[in-house]
Amino acid sequence: MKLVIEDDYAALSRTTAAVLAGAMLQDRRVNLSITAGATPAGTYRLLAPLLAARPADLDNVHFYSFDEIPNGTDRGVTRTSLDQQIFGPAGIDETRIHALTLDNADRIRADLRDHGGLDLMLMGLGADCHFCGNMPGTTRYDADIYLYEVHPGLPWYHLIEDIDPAPTRVVTFGFPMVLRARQAVLIVSGAAKAEALAEILTGPIGADRPGTILRTHPNLLLIADRDAAALIEPDGAGSWRRR
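Under the working numbering, read the sequence shown as residues -16 to 226, first letter to last.
None of the hints are false.
Quick list of the computed label-pair ranges, beta carbon to beta carbon:
1) R(-3) with I143: 29 to 35 Å
2) A175 with N202: 26 to 32 Å
3) N202 with D40: 21 to 27 Å
4) A174 with G100: 34 to 40 Å
No lab work stands behind these hints: they were computed from the structure. No residue lacks a Cβ here, since even glycine has one placed at the ideal position from N, Cα and C.
Use the sequences and the hints to build the structure in full.
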């Protein structure tokens, strides 16, 4: 695991964009699984013009979404967000977008198996320590892709309660899929994520804090800004401890 601490969100976005661009510029097919949401927005604003300006140079890059929340449309919450943040502005052809849905887990598995697997997964971290759609109270560490029921009794239901019609199931990549990726990149920004980042680096591994399992990935790059890293410090032995 490597942790890079940047001064602020803008620097985090620049570093993350550079990592993704480096992964894309290969002379072979590249498979990326990328996150939606607020944290990667700055990264995508930097990347989209590059991708749009050089379509022929980057037509080897395929994109996989790693979770989906149905919203009554044919796209879902995650796909809609990625369309707005990166796929649309970058002009990504539909043939290179592989969106996870409630119904296509087997097809996504087969497609990745037949085309070399994931080269890189870009993930964000929730304040509750969730990653992808692996949420407290519903996480399974034993499944590469899984569906689960959602209901108002879940501690994080407020995150989706405004979706109409209300979703009853969610699908996500699980940790075995993350583990297969050649590189996992986790980006964390803001003071609200400081406790979650401290748990990732120093807390016990457990499904009640789903992201704690990520530090067992053999090639994890963690990019955080100083606000997110406020509760940790080097321990003098090559690792991290709480302040």
